[in-house]
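From just these sequences and the hints, can you work out the full model?
Protein chains: 4
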Amino acid sequence: MSKYQHIQQAAYEANMQLPKLGLVLFTFGNVSAADRDLGVFAIKPSGVPYEDLTPGKMVIVDFDGNTVEGKLRPSSDTLTHAVLYKHWEKIGGIVHTHSTYGTAWAQSQRDIPIFGTTHADHLTVDIPCAPPMNDEMIKGNYEYQTGFQIMECLEQKGLSYEEVEMILVGNHAPFTWGKTPEKAVYNSAVLETVAQMAYLTEQIRKDVPKLQDSLIRKHYERKHGPHSYYGQ
Amino acid sequence: MSKYQHIQQAAYEANMQLPKLGLVLFTFGNVSAADRDLGVFAIKPSGVPYEDLTPGKMVIVDFDGNTVEGKLRPSSDTLTHAVLYKHWEKIGGIVHTHSTYGTAWAQSQRDIPIFGTTHADHLTVDIPCAPPMNDEMIKGNYEYQTGFQIMECLEQKGLSYEEVEMILVGNHAPFTWGKTPEKAVYNSAVLETVAQMAYLTEQIRKDVPKLQDSLIRKHYERKHGPHSYYGQ
Amino acid sequence: MSKYQHIQQAAYEANMQLPKLGLVLFTFGNVSAADRDLGVFAIKPSGVPYEDLTPGKMVIVDFDGNTVEGKLRPSSDTLTHAVLYKHWEKIGGIVHTHSTYGTAWAQSQRDIPIFGTTHADHLTVDIPCAPPMNDEMIKGNYEYQTGFQIMECLEQKGLSYEEVEMILVGNHAPFTWGKTPEKAVYNSAVLETVAQMAYLTEQIRKDVPKLQDSLIRKHYERKHGPHSYYGQ
Amino acid sequence: MSKYQHIQQAAYEANMQLPKLGLVLFTFGNVSAADRDLGVFAIKPSGVPYEDLTPGKMVIVDFDGNTVEGKLRPSSDTLTHAVLYKHWEKIGGIVHTHSTYGTAWAQSQRDIPIFGTTHADHLTVDIPCAPPMNDEMIKGNYEYQTGFQIMECLEQKGLSYEEVEMILVGNHAPFTWGKTPEKAVYNSAVLETVAQMAYLTEQIRKDVPKLQDSLIRKHYERKHGPHSYYGQ
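Protein chains in written order, with my numbering: chain A, 1 to 232; chain B, 1001 to 1232; chain C, 2001 to 2232; chain D, 3001 to 3232.
Everything labelled a hint here was simulated from the structure, so no lab data went into it.
There could be a bad hint or two in this list.
Said to hold, decoys possible - Examples of chain A residues toward chain D, derived with CB under 7 Å:
1) Ser-46
2) Gly-47
3) Leu-72
4) Thr-103
5) Gln-107
6) Asp-135
7) Tyr-142
8) Ser-214
9) Lys-218
The beta carbon of each residue, even a glycine, is placed where N, CA and C say it ideally should be.
Next comes the structure, spelled out in structure tokens:
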């Protein structure tokens, strides 16, 4: 029995949530689950349909992107996951999808404006959209550079990956993360619904103002921080 | 056996309708069921996934917001429910959701205009959108104030909670109510479909006029009032 | 055993198609099935949820709108059905829904423009939208007048009910019909999908031209008329 | 046992994917599967509901459009399939649907612009929209001419059917193809989701630029060509 079985199981279960939540068509998405002590993560094999997945098919990769165990080729986005795990020490799961509304915002190269409490329940700022990479980065080690593009975007905006657990990569699609793979999947679903609501909001009213600061703080702090009172 | 079992059962069943009707993602919604004689209501526990709910997990709260029975923490929106039950003597159920189209209108801070008979079958006026609260109200007892914001909005527009059983809270999302929790859930689904139709109507024709008064009265009175002839 | 059992069964089965095809929320729709020899039709009882329907609950009504058999009150739209059956001798089924996109066009008081072959496979003209009725008609025998409003709209546009089996009633919603109740339900689903496509088409291109006449004729005649070659 | 059983089975299975993927309403679509050695293809019979299909009902047709085996009339679009099989020697399956977003773009007579990597994962150019045919072509052998219209559109744009496996026919709807019928169905689902994303992208930002060339090449070559590294 593999010593990685627990993260294979976690990665498997989290991957299977994506089609169930309507976040992927065919194989357009992937989830990974990390074990920080072992210094590795389990990730979906590339191009394998969700209905053919099993926990044992999850590929074990280290934080430099080397395959440690597994017969299948890992997701083509593996290096992006590796870079983020390597630099962000407190995350345990990463999700990438091409969910419809999130991808439409990414293709528009716009941050998703904070228009309501559904958004503020999860983060206090616009959902950031990293600019498309330059030609050199794309032609080089593309997936590796995607990880750095994500980190640099947060950094330039002064955002912490522990507070902002989601991003759009311009022209591409959403990435989300969290302390666990379940939380990262949760964040992908939140991003998609917030993306749809923001799209509809602008259609209904062109000049809609952003949420006032007091309401942002109130809703965020209901769910997060020292005085939160949401949940059990 | 708890003497509150009947409202726990009613609250449970009504809560379980929300995901079935496509009105909630994860735990973004809650229903309560009141017993007027006992002076309490049963409400969903905070942050508990719908698939983990049981009637016994519903928390019993009085109309001042004090927990009377139950081991779990009640919904974070409990004080809003309490305020409305306390002041509106004829309601027996309240629902709060972040349903997609209703929330988009709330984020736009616009009333939903009355454009057709689907709307007029249920109310004779635009679905009101309460303005976002001021900073002081938000920073104070937020959920308590949300209840007063709802009541004040109806009052300022000269509307009766017995005739208008739904509202949007600006920047936030819909609240609905009714004589029973089932009716309140029904109203949440009606609000969502009317919100979608109104959105599409304005997209199809920018300068669309509102419904003429005679048609509003006709459809409303078919279903409501002394000469109604809809239903059995 | 009722001598009306065959139309009760037909009306029941056709009614049950509406929720299955996503054309109704709750009880917002109804189907009737006529027997021309007996001079009656079976129609959904008013306000009864689809899951509670049985063939025996279908109410038998004559073409003047009098209930002939049945303990329940027939649909509130019964007189509209009666008028159409009385004047249009070749129809055997009628459907009324508040389907989302069809209703949005009706609320916009616009005909649905013929933009493509999906539309032309079923009719050669825009789907007509009857203007809202005047106050007198609405305050009078409303549902009866709705039937006349539908007939008058077709007449004024020079359309035959045998070729155009669907209409929008302005500010209200779609009505469809056909030789059988199944065909009428089919037409309701066609109207809804054509309504959605036309809406999207105008969003994608504001100045989109209507379909050229040769293509309209070609597609319509593939499916209809003496030289049709669609189907078995 | 028919010597065509293998393509009947393949065509049957591929046809049954269309309703499962939400790409057809009623009978508005068809798939064919070719055997190049036998010089024939199996295609859906015309107007037969998907739930009534069996492998044995698939009609065998040669590349000139003559029925070789089968009691039912083949799809009314059969000649379009025949023309494409005759001229494009490397395809083994063809799909035609009236999927919602793809059809809306076709009705708009616009190519679908390449806005993101979901698109670039599958082709490096806008999804072409063939112009509507002239009156003469339509009044003549319409379905036969549709095949030539498709081929001519690719030719005029300098595109290879081996690289671009999808097209819109103006005013009509999408056609897709591939080495196998499964691949052709896959392409139909990809076209529909890319069509929806492109529609939303333009709604979110009017002046959105197309994808930069380096990113197009990178994503396309990840999945295709000599150095692809997607899949197993």
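Okay, the hints, checked on the actual structure:
1. Ser-46: holds (5 Å)
2. Gly-47: For Gly-47(A), the interface hint holds, since the closest Cβ of chain D sits about 3 Å away, which is under 7 Å.
3. Leu-72: holds (6 Å)
4. Thr-103: holds (5 Å)
5. Gln-107: OK, holds: Gln-107(A) within 7 Å of chain D, min 4 Å.
6. Asp-135: holds (4 Å)
7. Tyr-142: holds (5 Å)
8. Ser-214: violated (28 Å)
9. Lys-218: violated (28 Å)
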